[in-house]
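Peer 1: Chains A and B, in that order, give the protein sequences. Position 95, counted from 1, in the first sequence is what our numbering calls 148; the numbers after and before it change by one each time, with no gaps. Position 303, counted from 1, in the second sequence is what our numbering calls 304; the numbers after and before it change by one each time, with no gaps.
Don't take every hint at face value.
As the list claims (entries may be wrong) - So these bits of chain B aren't anywhere near chain A, every CB distance computed over 12 Å:
1. PHE10
2. PHE138
3. GLU280
As the list claims (entries may be wrong) - Short derived list, chain A residues pointing at chain B, Cβ under 7 Å:
4. TYR84
5. TYR220
6. ASN443
7. GLU487
Worth flagging that the hints you see were computed from the coordinates, not collected in a lab. All C-beta atoms in this analysis are idealised placements derived from N, C-alpha and C, irrespective of residue type, glycine included.
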Amino acid sequence: MKISLTKVTWRRTVQVLCLLGFLWLFVQTEYQGQDQIPYPVSLLFRIDPLAALADLLAPGAFSWSLWPALVLLVLTALFGRFFCGWICPLGTTIDGVGKLSGRGPHLCQSGWRKVKYLLLITLVAASFGGLQLLGLFDPLAIFLRTLTLAIYPAYNLGLNGLFDWAYRHDIPVLNDLYPVFRDNLMAFFQPSYTLGLFTLLVFLLIMLLERVERRFWCKNLCPLGALLGLCSRRALLVRQPDALCPDCQKCATECRMEAVHATGHQSSECVKCLDCTDSCPQQRVRFGLQGPRPQAEVNLSRRDLLVSVAAGVLMAPVAQIAPQSHQRNAFLIRPPGAVDESEFLRRCVRCGECMKVCIGQALHPAWFEAGATGLWTPLLVARLGYCEYNCTLCGQVCPTGALRRLPLAEKRKTVIGLAVFDKDRCLPFARQEECLVCEEHCPTPDKAIVFEEQLVTGSGQTRSLKIPKVLSDKCIGCGICETRCPLGGVSAIRVTNEIETRHPQTLAERGSAYG
Amino acid sequence: MINLDRRQFIRSVLQSALVAGSLPLVDLLSAPAMATTSPLVSRHKGQDIGQLVEDTLTALGGMGNFVTAGDTVVVKPNIGWDRAPELGANTHPEVVKAVIEHCLEAGAAQVRVFDNTCNDPRRCYVNSGIQAAVESFGSSRVRIEHMDRRAYQEVAIKEGRELRRWQFYRPAIESDRFINIPVAKDHSLTTLTLGMKNIMGVIGGNRGRLHRRIGDAVTDINLVVPSDLTIVDATRILLRNGPQGGHERDVEWRHTLIASSDIVAADSVTATLFGFQPEDIPTVVAGAKRGLGVMDLSRMRMV
Chain A
54 MKISLTKVTW RRTVQVLCLL GFLWLFVQTE YQGQDQIPYP VSLLFRIDPL AALADLLAPG
114 AFSWSLWPAL VLLVLTALFG RFFCGWICPL GTTIDGVGKL SGRGPHLCQS GWRKVKYLLL
174 ITLVAASFGG LQLLGLFDPL AIFLRTLTLA IYPAYNLGLN GLFDWAYRHD IPVLNDLYPV
234 FRDNLMAFFQ PSYTLGLFTL LVFLLIMLLE RVERRFWCKN LCPLGALLGL CSRRALLVRQ
294 PDALCPDCQK CATECRMEAV HATGHQSSEC VKCLDCTDSC PQQRVRFGLQ GPRPQAEVNL
354 SRRDLLVSVA AGVLMAPVAQ IAPQSHQRNA FLIRPPGAVD ESEFLRRCVR CGECMKVCIG
414 QALHPAWFEA GATGLWTPLL VARLGYCEYN CTLCGQVCPT GALRRLPLAE KRKTVIGLAV
474 FDKDRCLPFA RQEECLVCEE HCPTPDKAIV FEEQLVTGSG QTRSLKIPKV LSDKCIGCGI
534 CETRCPLGGV SAIRVTNEIE TRHPQTLAER GSAYG
Chain B
2 MINLDRRQFI RSVLQSALVA GSLPLVDLLS APAMATTSPL VSRHKGQDIG QLVEDTLTAL
62 GGMGNFVTAG DTVVVKPNIG WDRAPELGAN THPEVVKAVI EHCLEAGAAQ VRVFDNTCND
122 PRRCYVNSGI QAAVESFGSS RVRIEHMDRR AYQEVAIKEG RELRRWQFYR PAIESDRFIN
182 IPVAKDHSLT TLTLGMKNIM GVIGGNRGRL HRRIGDAVTD INLVVPSDLT IVDATRILLR
242 NGPQGGHERD VEWRHTLIAS SDIVAADSVT ATLFGFQPED IPTVVAGAKR GLGVMDLSRM
302 RMV
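From just these sequences and the hints, can you work out the full model?
Peer 2: Here you go:
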């Protein structure tokens, strides 16, 4: 009994340590005085086979930095879906939340099991056709973007509120603790994002499913679980006895994945949590390396396959006939290093790493700004934050090459948009008042915003006024002018995607029409 | 010291209002006056920055004239931009360091360094070299810190010309001494940015709004946060593409410091380094008009 207790303890310890490790990397995903982030902060996606799949199916070369994902697939082929039971941070969160919230009974309808495979097949078929939505359902992306967009901001808001209160009421211990928290355990600025609540609702829904059935998400919906399941059908690590024992059948209710049946053990469903080895009253159950055996796997009919492939194959072209979002929405600004928009959408797995690391809090998740299929992709919202001239962090953390890692010199020359004045609102134009805040902040060494002095006549006297002007061959679209414009509401200078380095055609036009 | 009377006056206004739980109201007219009729201005040149700071301060009677034992001192450099020292956008880190050394020698109990930056504060502190310079003291008496967003206090300004209410950084008002060490550089709207405009780094709010009538706005905040000593860093001056620059070719080495307890006088003398007259600088003109200091070069006692 002592030994079997250790197995559960082992698994839980590994789960908690992995979760803490990923949380630690998450907190490190921030500028800390060095231009290069010293830790592999996006490790979670470098081991993510779905991210690797998205990368593989996108045009352009495969990002070999994703090699750990391939290692994970090989290990899964040998040892089964241990990732789901031991490492996946969403799985660990689900286990923890289920313990607190209570869990539903097993569903009788075992037909649900195949939904995840059908979803995976649909997503992969769509990816082949040019529509990549893997990231929407990738559990690791769901985990990290929920953390980035919802939970971490809420955590910071709570702590900031507490420390504000302590400051106002002069509470000694809390006031002393503040610098420790601020420098190590909190974001430098209170994080704020556009889709926080929606992102949280999706996450809560997945947690709520635990009330329907234990590990409902992992059993029935998770496409990563499906991919790992497909790899582990012939896993060498197998359970003995494989089927339920006629005299006991406790595994049928104990197994969180409901992988043990009278007809045998479903290797592709088992997450190798080893609970059954602990809970077996006769201590009969054990796992051993035995070589592949025929297993009682989830049955996918030919018709199921056909329907899911057809769905993906249909969705891809229909999505592509939608008008190009970046042409329809002039304010769709992508981070520097973003590849061509269609390739970008095929590479971005919506993980949220770039939004987390963005030093100016300029990157926000898209809702429909980038079209129906651009949900959660990063947008630069220049009114909320600007792209810091000497910063290259987003390209450093992007796991799939949707954002290229730009050397600083190249980044400074990368044009992500063009600033345009709204002369009806800009103070010198509209009200003949001095301002030039945009010119002051413009970061290019030869300023992209300059001014001309003009004589203006108002209330009976003539005076000189400095009128700003954007030089389109200098502007890189960083957006600091839009962020800092002192007007209330909409800025009087806005960045549009009229000129972008990543779209060579508009760049060619730049030479003639705008240069 | 005249500025100190004013500093104490404003501090007491702030503190009594905070105790009463009301909005502090600074009446600019009833506060003690700042200007003397013929300010002492120290202007020195030298290649070695440590020696240069020493010479400049000695001419004014040494730092002991401004800082007494046990004082809490705010040293306010310009750390506004994510730019390296050689680009002339921020106060030179060696100037900051030498000034702090003099404060410590004069017996300051605590020296605090901060600035409300324009670019990301972490990048500015690191890449200006100022964070490393301050931390090199390794002393608990010297601290560089990021602005604490909780410490901004709204202050009502009676007789303020452009600002009637604004957010001020409490540690800047509450310190015993405030030593202003701006860098001298080009600025499109104010022609030059010098000591007076450097005070924009200790206020909060939507600072761009001050640009509408910047001379009076900057004078308003200077009347609330008086500088006990202004040391303008003109070791190198940024001539074009200010206030953040980016080309070394826009920077000229002058190896000069200008210091005075009269901020308008210090700014006026610095303007001449660029070939301007004090009248060309709107902040200087507004400051002089409203009694913040003297801009008439002929009335200054140069040492």
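Peer 1: Would you mind marking each hint as holding or not holding in the structure?
Peer 2: Verification of the hints:
| no. | hint | in the structure |
| --- | --- | --- |
| 1 | PHE10 | holds (24 Å) |
| 2 | PHE138 | holds (18 Å) |
| 3 | GLU280 | holds (15 Å) |
| 4 | TYR84 | holds (6 Å) |
| 5 | TYR220 | holds (4 Å) |
| 6 | ASN443 | holds (5 Å) |
| 7 | GLU487 | holds (6 Å) |
Comparing the model with each earlier hint shows no violations; every hint is respected.
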